[in-house]
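Residue numbers for the sequence shown follow the numbering used here, beginning at 1 and rising by one.
Because the hints were derived from the structure by calculation, they are not lab data.
Please read these numbers as outputs of a predicted model, since none were measured by experiment.
Every residue gets a Cβ at the ideal spot worked out from N, C-alpha and C, and that includes glycine.
Everything hinted at is true.
Listed below are the simulated DSS-like cross-link pairs for lysine-lysine, each with C-alpha atoms no more than 30 Å apart in a straight line:
hint, residue 1, residue 2
1, Lys99, Lys56
2, Lys88, Lys99
3, Lys99, Lys130
Cβ pair distances, simulated, as ranges:
hint, residue 1, residue 2, range
4, Asn72, Lys12, 20 to 30 Å
5, Gln176, Lys99, 34 to 44 Å
6, Gln176, Thr97, 40 to 50 Å
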Amino acid sequence: MLNKEQQDLQDKIISFTESKESGFFGVIGGGGTGKTFTVTQSIDVEKAIFLGATNKVVNVLKSNLNDNNNYNATVKTIDSFLRFNIKKDHNNKTVITYKPPALKDIPEIIVIDEISLINNNHFQHLYKLKGKRKFILIGDNKQIPPIEDDYVRDENGFKVSKIFTELDYSFELTQQNRQDVKSDNLTQ
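Could you build the full structure based on these sequences and the hints that come with them?
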(Lines of atoms letter the chains of each structure in order from A; the text may use other names.)
(Lines give C-alpha, C1' and ligand atoms only; values in the text may rest on other atoms or scores of the structure.)
Protein backbone atom coordinates (compact mmCIF):
# COMPACT_ATOMS: atom_id res chain seq x y z
CA MET A 1 0.00 0.00 0.00
CA LEU A 2 1.29 3.41 -0.92
CA ASN A 3 0.69 6.44 1.31
CA LYS A 4 -0.51 9.75 -0.19
CA GLU A 5 3.00 11.08 -0.73
CA GLN A 6 4.07 7.85 -2.45
CA GLN A 7 0.92 7.91 -4.62
CA ASP A 8 1.84 11.43 -5.74
CA LEU A 9 5.33 10.18 -6.60
CA GLN A 10 3.86 7.21 -8.45
CA ASP A 11 1.76 9.59 -10.60
CA LYS A 12 4.88 11.62 -11.45
CA ILE A 13 6.89 8.50 -12.30
CA ILE A 14 4.14 7.12 -14.53
CA SER A 15 3.83 10.49 -16.29
CA PHE A 16 7.62 10.60 -16.82
CA THR A 17 7.93 7.02 -18.07
CA GLU A 18 4.97 7.37 -20.43
CA SER A 19 6.21 10.68 -21.87
CA LYS A 20 8.56 11.06 -24.81
CA GLU A 21 11.08 12.79 -22.54
CA SER A 22 14.31 11.24 -21.38
CA GLY A 23 16.67 12.43 -18.68
CA PHE A 24 17.24 12.17 -14.94
CA PHE A 25 14.24 11.86 -12.59
CA GLY A 26 15.39 11.91 -8.98
CA VAL A 27 13.54 10.18 -6.16
CA ILE A 28 15.02 11.76 -3.06
CA GLY A 29 14.47 11.01 0.61
CA GLY A 30 15.87 9.52 3.76
CA GLY A 31 15.99 5.84 4.61
CA GLY A 32 12.60 4.24 5.19
CA THR A 33 10.56 6.69 3.14
CA GLY A 34 9.75 4.04 0.53
CA LYS A 35 11.74 5.35 -2.41
CA THR A 36 12.70 2.01 -3.93
CA PHE A 37 9.39 0.37 -3.04
CA THR A 38 7.40 3.15 -4.73
CA VAL A 39 9.55 3.05 -7.87
CA THR A 40 9.17 -0.72 -8.22
CA GLN A 41 5.40 -0.34 -7.79
CA SER A 42 5.25 2.40 -10.46
CA ILE A 43 7.05 0.97 -13.49
CA ASP A 44 7.01 -2.12 -15.66
CA VAL A 45 10.15 -3.75 -14.27
CA GLU A 46 10.55 -5.83 -17.43
CA LYS A 47 11.18 -2.58 -19.37
CA ALA A 48 13.89 -1.52 -16.94
CA ILE A 49 17.33 -2.39 -15.69
CA PHE A 50 18.12 -1.85 -12.01
CA LEU A 51 21.62 -0.76 -11.07
CA GLY A 52 23.39 -0.32 -7.76
CA ALA A 53 26.81 1.08 -6.91
CA THR A 54 27.78 -1.92 -4.77
CA ASN A 55 26.97 -5.61 -4.46
CA LYS A 56 25.17 -4.86 -1.19
CA VAL A 57 22.88 -2.35 -2.93
CA VAL A 58 22.23 -4.90 -5.69
CA ASN A 59 21.33 -7.59 -3.13
CA VAL A 60 18.88 -5.25 -1.38
CA LEU A 61 17.35 -4.33 -4.75
CA LYS A 62 16.96 -7.99 -5.72
CA SER A 63 15.36 -8.76 -2.37
CA ASN A 64 12.94 -5.85 -2.72
CA LEU A 65 11.99 -6.88 -6.24
CA ASN A 66 11.59 -10.55 -5.28
CA ASP A 67 9.44 -9.62 -2.27
CA ASN A 68 7.08 -7.96 -4.75
CA ASN A 69 7.05 -10.91 -7.18
CA ASN A 70 9.34 -9.22 -9.72
CA TYR A 71 11.61 -12.21 -10.20
CA ASN A 72 12.48 -11.42 -13.84
CA ALA A 73 13.95 -7.98 -13.20
CA THR A 74 17.49 -7.38 -14.41
CA VAL A 75 19.69 -6.17 -11.54
CA LYS A 76 23.42 -5.40 -11.83
CA THR A 77 26.15 -3.31 -10.33
CA ILE A 78 27.03 -0.17 -12.24
CA ASP A 79 30.49 -1.64 -12.88
CA SER A 80 28.94 -4.76 -14.41
CA PHE A 81 26.60 -2.66 -16.58
CA LEU A 82 29.50 -0.48 -17.77
CA ARG A 83 31.71 -3.56 -18.20
CA PHE A 84 34.42 -2.33 -15.88
CA ASN A 85 37.84 -3.86 -16.49
CA ILE A 86 41.06 -3.39 -14.58
CA LYS A 87 44.45 -4.67 -15.70
CA LYS A 88 48.14 -3.84 -15.69
CA ASP A 89 49.82 -2.40 -18.76
CA HIS A 90 53.34 -3.21 -19.98
CA ASN A 91 54.76 -0.74 -17.38
CA ASN A 92 52.81 -2.45 -14.58
CA LYS A 93 50.55 0.59 -14.33
CA THR A 94 46.89 -0.01 -13.47
CA VAL A 95 44.59 0.66 -16.41
CA ILE A 96 40.83 0.94 -15.85
CA THR A 97 38.48 0.74 -18.81
CA TYR A 98 34.73 0.77 -19.34
CA LYS A 99 32.80 -0.49 -22.34
CA PRO A 100 29.10 0.37 -21.95
CA PRO A 101 26.61 -1.85 -23.78
CA ALA A 102 25.29 -0.84 -27.18
CA LEU A 103 22.26 1.44 -26.96
CA LYS A 104 20.04 -1.24 -28.53
CA ASP A 105 20.86 -3.53 -25.59
CA ILE A 106 19.84 -1.03 -22.91
CA PRO A 107 16.22 -1.04 -21.71
CA GLU A 108 14.25 2.20 -22.00
CA ILE A 109 14.32 2.77 -18.23
CA ILE A 110 17.45 2.72 -16.07
CA VAL A 111 16.79 2.69 -12.32
CA ILE A 112 19.78 3.38 -10.09
CA ASP A 113 19.49 2.99 -6.33
CA GLU A 114 21.73 4.70 -3.76
CA ILE A 115 22.96 7.33 -6.19
CA SER A 116 24.91 9.09 -3.44
CA LEU A 117 27.48 6.31 -3.95
CA ILE A 118 28.04 7.11 -7.64
CA ASN A 119 31.55 8.40 -8.19
CA ASN A 120 32.42 10.95 -10.87
CA ASN A 121 33.87 8.32 -13.21
CA HIS A 122 30.60 6.34 -13.22
CA PHE A 123 28.64 9.57 -13.51
CA GLN A 124 30.50 10.60 -16.68
CA HIS A 125 29.65 7.30 -18.39
CA LEU A 126 26.01 7.35 -17.30
CA TYR A 127 25.64 11.00 -18.32
CA LYS A 128 26.37 10.02 -21.93
CA LEU A 129 23.08 8.07 -21.90
CA LYS A 130 21.04 10.91 -20.36
CA GLY A 131 19.33 12.08 -23.56
CA LYS A 132 18.83 8.54 -24.82
CA ARG A 133 17.17 6.76 -21.89
CA LYS A 134 14.88 7.53 -18.96
CA PHE A 135 16.72 7.39 -15.65
CA ILE A 136 15.03 7.04 -12.29
CA LEU A 137 17.67 7.87 -9.73
CA ILE A 138 16.99 6.93 -6.11
CA GLY A 139 18.93 8.34 -3.20
CA ASP A 140 19.41 10.44 -0.13
CA ASN A 141 21.05 13.78 -0.90
CA LYS A 142 21.97 14.15 2.79
CA GLN A 143 24.44 11.25 2.62
CA ILE A 144 28.15 11.89 2.29
CA PRO A 145 29.36 11.45 -1.32
CA PRO A 146 32.14 9.05 -2.33
CA ILE A 147 35.63 10.19 -1.35
CA GLU A 148 37.14 11.85 -4.39
CA ASP A 149 39.36 14.76 -5.25
CA ASP A 150 36.54 16.35 -7.24
CA TYR A 151 33.21 17.01 -5.52
CA VAL A 152 30.37 19.50 -5.81
CA ARG A 153 28.21 21.33 -3.31
CA ASP A 154 24.44 21.64 -3.41
CA GLU A 155 22.53 24.92 -3.04
CA ASN A 156 22.92 24.69 0.75
CA GLY A 157 26.70 24.23 0.58
CA PHE A 158 26.74 20.50 1.41
CA LYS A 159 29.07 18.12 -0.42
CA VAL A 160 27.01 15.85 -2.68
CA SER A 161 27.53 13.40 -5.50
CA LYS A 162 27.55 15.33 -8.77
CA ILE A 163 24.53 13.42 -10.02
CA PHE A 164 22.26 15.27 -7.53
CA THR A 165 23.08 18.56 -9.30
CA GLU A 166 22.09 17.18 -12.71
CA LEU A 167 18.51 16.05 -12.02
CA ASP A 168 15.96 17.24 -14.58
CA TYR A 169 13.06 16.43 -12.26
CA SER A 170 12.92 15.36 -8.65
CA PHE A 171 10.43 14.36 -6.00
CA GLU A 172 11.27 14.17 -2.33
CA LEU A 173 9.66 11.68 0.00
CA THR A 174 9.62 12.86 3.62
CA GLN A 175 7.22 10.55 5.45
CA GLN A 176 9.06 7.87 7.41
CA ASN A 177 7.44 4.46 6.91
CA ARG A 178 9.98 2.02 8.30
CA GLN A 179 9.18 0.85 11.82
CA ASP A 180 11.95 0.22 14.30
CA VAL A 181 10.98 -3.17 15.70
CA LYS A 182 13.66 -3.01 18.43
CA SER A 183 12.25 0.25 19.79
CA ASP A 184 8.73 -1.25 19.86
CA ASN A 185 10.01 -4.20 21.87
CA LEU A 186 11.75 -1.94 24.38
CA THR A 187 8.58 -0.05 25.19
CA GLN A 188 6.58 -3.17 26.01
